[in-house]
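Residue numbers (the numbering used here), protein chains in the order written: chain W, 1 to 277; chain S, 1 to 277; chain C, 1 to 277; chain X, 1 to 277.
Quick caveat, the hints were computed from the structure, so don't treat them as lab data. It is possible that part of the hints are untrue.
Said to hold, decoys possible - Dumping the calculated DMTMM-like pairs for lysine to aspartate or glutamate here, alpha-carbon to alpha-carbon at most 20 Å: (1) K268/C - D207/C; (2) K13/S - E2/S; (3) K232/X - E221/S; (4) K232/S - D207/S; (5) K232/X - E2/S; (6) K218/X - D141/S; (7) K232/W - D191/C; (8) K232/X - D207/X; (9) K232/W - E221/C.
In case you want the letters, here they are:
Number of protein chains: 4
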Amino acid sequence: MEAIERTILDHGKVVLLDVFGSDERIAEAARVSYQQGTKKTRSDRALLRYLMRHRHTSPFEMAEVLFYLKVPITVARQLVRHRTANLNEVSGRYSELPNEMYIPEVDQCGPQSTQNNQGRAPVTNEIQSRHAQQSMRFASDAAYDAYDSLLNVHFVSREIARGVLPLHTYTELYWKCDLHNFFHFLKLRMDTHAQYEIRVMAAAMYDAVTPHFPLSCKAWEDYILNAHTFSKLDLVLLSRVLRGEIPTLTDAQVIGQSEREYTDFMAKLSELRATER
Amino acid sequence: MEAIERTILDHGKVVLLDVFGSDERIAEAARVSYQQGTKKTRSDRALLRYLMRHRHTSPFEMAEVLFYLKVPITVARQLVRHRTANLNEVSGRYSELPNEMYIPEVDQCGPQSTQNNQGRAPVTNEIQSRHAQQSMRFASDAAYDAYDSLLNVHFVSREIARGVLPLHTYTELYWKCDLHNFFHFLKLRMDTHAQYEIRVMAAAMYDAVTPHFPLSCKAWEDYILNAHTFSKLDLVLLSRVLRGEIPTLTDAQVIGQSEREYTDFMAKLSELRATER
Amino acid sequence: MEAIERTILDHGKVVLLDVFGSDERIAEAARVSYQQGTKKTRSDRALLRYLMRHRHTSPFEMAEVLFYLKVPITVARQLVRHRTANLNEVSGRYSELPNEMYIPEVDQCGPQSTQNNQGRAPVTNEIQSRHAQQSMRFASDAAYDAYDSLLNVHFVSREIARGVLPLHTYTELYWKCDLHNFFHFLKLRMDTHAQYEIRVMAAAMYDAVTPHFPLSCKAWEDYILNAHTFSKLDLVLLSRVLRGEIPTLTDAQVIGQSEREYTDFMAKLSELRATER
Amino acid sequence: MEAIERTILDHGKVVLLDVFGSDERIAEAARVSYQQGTKKTRSDRALLRYLMRHRHTSPFEMAEVLFYLKVPITVARQLVRHRTANLNEVSGRYSELPNEMYIPEVDQCGPQSTQNNQGRAPVTNEIQSRHAQQSMRFASDAAYDAYDSLLNVHFVSREIARGVLPLHTYTELYWKCDLHNFFHFLKLRMDTHAQYEIRVMAAAMYDAVTPHFPLSCKAWEDYILNAHTFSKLDLVLLSRVLRGEIPTLTDAQVIGQSEREYTDFMAKLSELRATER
Numbered sequence: 001m002e003a004i005e006r007t008i009l010d011h012g013k014v015v016l017l018d019v020f021g022s023d024e025r026i027a028e029a030a031r032v033s034y035q036q037g038t039k040k041t042r043s044d045r046a047l048l049r050y051l052m053r054h055r056h057t058s059p060f061e062m063a064e065v066l067f068y069l070k071v072p073i074t075v076a077r078q079l080v081r082h083r084t085a086n087l088n089e090v091s092g093r094y095s096e097l098p099n100e101m102y103i104p105e106v107d108q109c110g111p112q113s114t115q116n117n118q119g120r121a122p123v124t125n126e127i128q129s130r131h132a133q134q135s136m137r138f139a140s141d142a143a144y145d146a147y148d149s150l151l152n153v154h155f156v157s158r159e160i161a162r163g164v165l166p167l168h169t170y171t172e173l174y175w176k177c178d179l180h181n182f183f184h185f186l187k188l189r190m191d192t193h194a195q196y197e198i199r200v201m202a203a204a205m206y207d208a209v210t211p212h213f214p215l216s217c218k219a220w221e222d223y224i225l226n227a228h229t230f231s232k233l234d235l236v237l238l239s240r241v242l243r244g245e246i247p248t249l250t251d252a253q254v255i256g257q258s259e260r261e262y263t264d265f266m267a268k269l270s271e272l273r274a275t276e277r
Numbered sequence: 001m002e003a004i005e006r007t008i009l010d011h012g013k014v015v016l017l018d019v020f021g022s023d024e025r026i027a028e029a030a031r032v033s034y035q036q037g038t039k040k041t042r043s044d045r046a047l048l049r050y051l052m053r054h055r056h057t058s059p060f061e062m063a064e065v066l067f068y069l070k071v072p073i074t075v076a077r078q079l080v081r082h083r084t085a086n087l088n089e090v091s092g093r094y095s096e097l098p099n100e101m102y103i104p105e106v107d108q109c110g111p112q113s114t115q116n117n118q119g120r121a122p123v124t125n126e127i128q129s130r131h132a133q134q135s136m137r138f139a140s141d142a143a144y145d146a147y148d149s150l151l152n153v154h155f156v157s158r159e160i161a162r163g164v165l166p167l168h169t170y171t172e173l174y175w176k177c178d179l180h181n182f183f184h185f186l187k188l189r190m191d192t193h194a195q196y197e198i199r200v201m202a203a204a205m206y207d208a209v210t211p212h213f214p215l216s217c218k219a220w221e222d223y224i225l226n227a228h229t230f231s232k233l234d235l236v237l238l239s240r241v242l243r244g245e246i247p248t249l250t251d252a253q254v255i256g257q258s259e260r261e262y263t264d265f266m267a268k269l270s271e272l273r274a275t276e277r
Numbered sequence: 001m002e003a004i005e006r007t008i009l010d011h012g013k014v015v016l017l018d019v020f021g022s023d024e025r026i027a028e029a030a031r032v033s034y035q036q037g038t039k040k041t042r043s044d045r046a047l048l049r050y051l052m053r054h055r056h057t058s059p060f061e062m063a064e065v066l067f068y069l070k071v072p073i074t075v076a077r078q079l080v081r082h083r084t085a086n087l088n089e090v091s092g093r094y095s096e097l098p099n100e101m102y103i104p105e106v107d108q109c110g111p112q113s114t115q116n117n118q119g120r121a122p123v124t125n126e127i128q129s130r131h132a133q134q135s136m137r138f139a140s141d142a143a144y145d146a147y148d149s150l151l152n153v154h155f156v157s158r159e160i161a162r163g164v165l166p167l168h169t170y171t172e173l174y175w176k177c178d179l180h181n182f183f184h185f186l187k188l189r190m191d192t193h194a195q196y197e198i199r200v201m202a203a204a205m206y207d208a209v210t211p212h213f214p215l216s217c218k219a220w221e222d223y224i225l226n227a228h229t230f231s232k233l234d235l236v237l238l239s240r241v242l243r244g245e246i247p248t249l250t251d252a253q254v255i256g257q258s259e260r261e262y263t264d265f266m267a268k269l270s271e272l273r274a275t276e277r
Numbered sequence: 001m002e003a004i005e006r007t008i009l010d011h012g013k014v015v016l017l018d019v020f021g022s023d024e025r026i027a028e029a030a031r032v033s034y035q036q037g038t039k040k041t042r043s044d045r046a047l048l049r050y051l052m053r054h055r056h057t058s059p060f061e062m063a064e065v066l067f068y069l070k071v072p073i074t075v076a077r078q079l080v081r082h083r084t085a086n087l088n089e090v091s092g093r094y095s096e097l098p099n100e101m102y103i104p105e106v107d108q109c110g111p112q113s114t115q116n117n118q119g120r121a122p123v124t125n126e127i128q129s130r131h132a133q134q135s136m137r138f139a140s141d142a143a144y145d146a147y148d149s150l151l152n153v154h155f156v157s158r159e160i161a162r163g164v165l166p167l168h169t170y171t172e173l174y175w176k177c178d179l180h181n182f183f184h185f186l187k188l189r190m191d192t193h194a195q196y197e198i199r200v201m202a203a204a205m206y207d208a209v210t211p212h213f214p215l216s217c218k219a220w221e222d223y224i225l226n227a228h229t230f231s232k233l234d235l236v237l238l239s240r241v242l243r244g245e246i247p248t249l250t251d252a253q254v255i256g257q258s259e260r261e262y263t264d265f266m267a268k269l270s271e272l273r274a275t276e277r
């Protein structure tokens with residue numbers, strides 16, 4: 001297959017190098033479980049949707065996706081937490097790393113979110129954000145100068161000198177994952193709580209994979225990505241809604257919900273009420 | 001690629017359905033780690049041998065092999081212990097299983113080995129072994145008759161009826177593994193201590209894979225399969241041999257070896273002395 | 001801790017040998033992620049519920065449960081598919097296996113389910129089921145006699161002789177799993193689609209573990225076990241229900257659902273409407 | 001158990017928080033495989049050594065070690081590559097990171113090694129190395145100042161601001177691993193090719209674990225850590241040595257060795273000849 005290069009962030013890259021398998025191969029593997037008894041009794045599409053709906057995940061492990069990625073180290077550190085993937089990353093012990101640092105766009109230099117302890121809020125003071133960006137650029141350049149001097153003036157080993165490089169330094173990797181675990185990775189990393197930079201990468205990865213597994217991807221979108229899970233407590237509230245009541249925060253707290261859970265539930269309800277109207 | 005079917009045992013099959021990657025792809029992935037600094041400074045062959053020798057295993061994880069296997073359940077139960085592989089197996093809950101049982105050849109019906117607590121000895125009394133084989137055939141047929149009656153006379157569910165089927169019933173699976181873990185699997189299952197039936201399967205699998213990764217396979221044979229590890233205690237004895245001494249069992253026991261370790265060491269030594277003479 | 005033995009099925013056993021960690025330890029591990037900034041700002045209970053609700057699974061991996069299990073081989077074969085667990089199983093190559101076979105109760109000898117391709121229906125003809133049970137008992141005894149003869153009359157090796165033993169032969173194992181993956185195992189194996197015999201084992205295992213991790217278990221029940229996931233298509237139907245409509249099968253099919261999905265959705269709806277009335 | 005804190009590097013810490021299991025537990029798990037047939041026929045010590053020698057690794061997976069670690073991010077990035085371990089790490093998205101940076105001792109600020117592409121050579125020019133250290137200290141302080149300004153002057157979110165922090169920033173984690181995989185980790189990270197900083201951490205970890213599994217650790221040292229593997233080609237050379245010849249580089253090249261392999265072989269030989277003399 002022809003690899004298509006997608007650019008992300010300022011210097012990042014997402015390249016789908018190769019895929020192994022196809023929707024047909026996944027369906028074929030699933031049919032081994034059912035043997036002749038149920039063979040060909042339904043289409044690949046229906047079978048793949050059945051598998052996804054019932055979380056019969058093993059046939060999706062029969063396919064693989066292989067990427068070349070160029071991302072900031074902060075992103076790579078989140079990526080590497082997905083332990084079923086295989087990866088090879090550039091080593092700062094073997095190679096001198098080039099001066100490529102991630103400098104966020106101004107609109108990504110907003111303040112700490114007040115709602116999300118791990119995230120950023122939209123930019124409110126553009127001048128401040130512009131100064132912030134400038135400050136990151138200076139810091140990155142200064143760090144790279146220090147790295148360069150350590151290597152070429154002080155003659156320190158690469159494995160030690162790299163210690164002064166910033167976490168926004170770009171790294172490169174080969175990353176391979178089976179389709180089931182790739183979907184799991186996407187579910188976590190395309191989520192609104194995930195960091196913006198990894199969301200951008202995940203979206204580009206998914207975009208590249210979709211044409212190769214159209215039926216599996218559609219099934220995943222319908223049954224996983226765009227599904228919604230109501231907790232046992234949510235279901236109690238939902239049952240009241242179905243009986244025409246409007247649950248209050250007190251109702252929610254009586255059955256053990258936190259204020260945040262209640263708010264999230266009510267938001268989901270509003271969203272549902274607004275669907276397709 | 002064209003899948004070639006290999007027959008093993010009496011009804012078994014080994015079919016390499018597909019491979020992902022190549023020696024070149026593995027080398028390419030490894031070169032990511034070294035980046036431009038060392039790029040193309042050595043051939044793929046030299047690089048793959050270097051990686052294998054130094055147990056830099058992650059690039060070999062970038063390749064995959066996918067098999068269709070038909071093997072006795074006893075073999076499948078050993079296979080499934082390799083946890084990094086992906087598999088889909090026929091389910092006796094969904095499908096009625098056909099009457100295909102593994103009946104060993106007479107020359108595999110020898111007595112318990114006196115040296116190997118887990119293995120068989122060569123046949124010494126052929127009439128006895130022939131009777132044994134006949135007895136297994138009868139037992140298998142009787143078990144399948146019982147299964148058939150449970151399904152078709154007593155109308156018991158498949159998931160319960162299968163409980164009377166023997167462990168030598170053939171099962172079928174799709175089995176996928178990355179090359180590094182496939183090599184690890186082979187190292188354990190091509191070993192003389194492994195059960196004959198899984199050794200036969202492993203050998204057929206390796207035979208099918210070799211043409212697709214010739215350089216990696218050769219490196220694996222030289223640095224892993226046909227290598228020999230001397231323990232710290234073996235090395236003490238070896239150092240004496242190099243100084244012209246012949247270590248005795250007492251010498252071995254003094255430094256903490258068991259009789260079996262000593263015997264194994266001396267056997268390895270004789271084998272080495274006999275090499276290429 | 002004192003291990004308590006639970007008996008399951010006819011000869012089965014579930015013994016929780018040991019646990020590693022506690023609710024406190026899990027909360028403590030989670031707090032590492034948040035460091036001093038948010039330390040002690042909420043109770044262990046609230047933190048564990050937050051983690052479970054948001055699928056922050058890694059802190060639950062810090063705890064382990066270790067079991068001794070004695071179960072039919074059919075059950076062990078399902079158990080071994082959970083690849084993050086560690087296990088040691090009795091080997092029929094080393095040891096002669098005792099005559100212990102699982103013979104289902106009569107009420108488990110019902111016919112194939114017409115709704116569930118993989119399951120059994122309730123017993124309708126008790127005489128037939130009684131005959132089925134008797135037939136399984138005979139088949140098991142005959143198989144064990146054959147095994148015994150192969151070992152003691154024909155002097156065949158254990159690893160070959162075991163091939164005639166039925167899949168309902170009991171096996172024994174040590175099985176260890178981290179709490180997150182144990183929960184995942186339970187979710188799949190306590191499900192009504194799981195085979196009765198493994199459901200019985202899973203329930204006994206959960207029952208033994210609950211007192212050791214009361215907060216984590218309660219959170220898991222509320223946010224996972226007793227939660228319900230509505231697919232994207234279900235949500236479309238639900239939005240209509242919230243607007244006072246009653247979706248028909250045609251409505252469901254227009255948006256891409258199968259008849260089975262529609263039926264399941266409507267059943268869930270009825271169940272919700274009936275909650276707490 | 002009482003956790004003992006070990007200090008490593010300048011601000012690093014290694015604390016063994018808890019262990020699960022013991023030598024006895026491992027032996028007990030192994031005996032399940034052999035059942036009554038071979039029970040108690042040998043001591044725990046002999047059994048554990050047998051298991052280690054024959055790479056019967058699964059019983060060692062029944063034990064776990066749990067650490068609190070404080071290490072530079074460069075070390076954490078190597079640690080996280082061991083995928084069977086469980087970990088929770090401080091998140092720079094949730095928490096403001098303190099000003100703790102790894103500044104190597106002067107004797108670790110030597111030049112790039114000429115023999116080892118990934119390592120450092122001993123310090124030859126102490127003044128240069130002292131300047132290098134000073135330069136790293138300045139760079140670290142400047143980077144932290146930038147981080148602090150981004151947070152407290154420019155009001156940038158934590159997840160973005162951390163991008164300017166150096167790779168030598170200390171991070172904290174809970175890290176749990178089963179004993180088999182812990183040994184595998186140690187084998188790789190106590191190796192002379194591993195980076196000095198991770199070797200120091202691995203040694204401190206092993207030191208803390210040894211008293212809890214004395215028999216398993218000793219077996220590992222004898223059969224794995226201090227064992228030596230001769231490749232198939234090394235064995236050909238060794239057979240010649242045993243016949244009184246001294247293999248030359250040409251001999252080695254004829255059978256396919258590189259110069260480096262030959263040199264390593266001859267070095268091992270000299271070392272053996274020198275043993276215990």
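Against the structure, the hints:
1. K268/C - D207/C: violated (27 Å)
2. K13/S - E2/S: holds (16 Å)
3. K232/X - E221/S: The given pair, whose Cα atoms are some 8 Å apart, holds under the 20 Å limit.
4. K232/S - D207/S: violated (34 Å)
5. K232/X - E2/S: violated (33 Å)
6. K218/X - D141/S: Roughly 51 Å between the alpha carbons, so the hint for K218/X and D141/S is violated.
7. K232/W - D191/C: holds (16 Å)
8. K232/X - D207/X: violated (34 Å)
9. K232/W - E221/C: holds (8 Å)
In summary, the numbered hints that this structure violates are 1, 4, 5, 6, 8.
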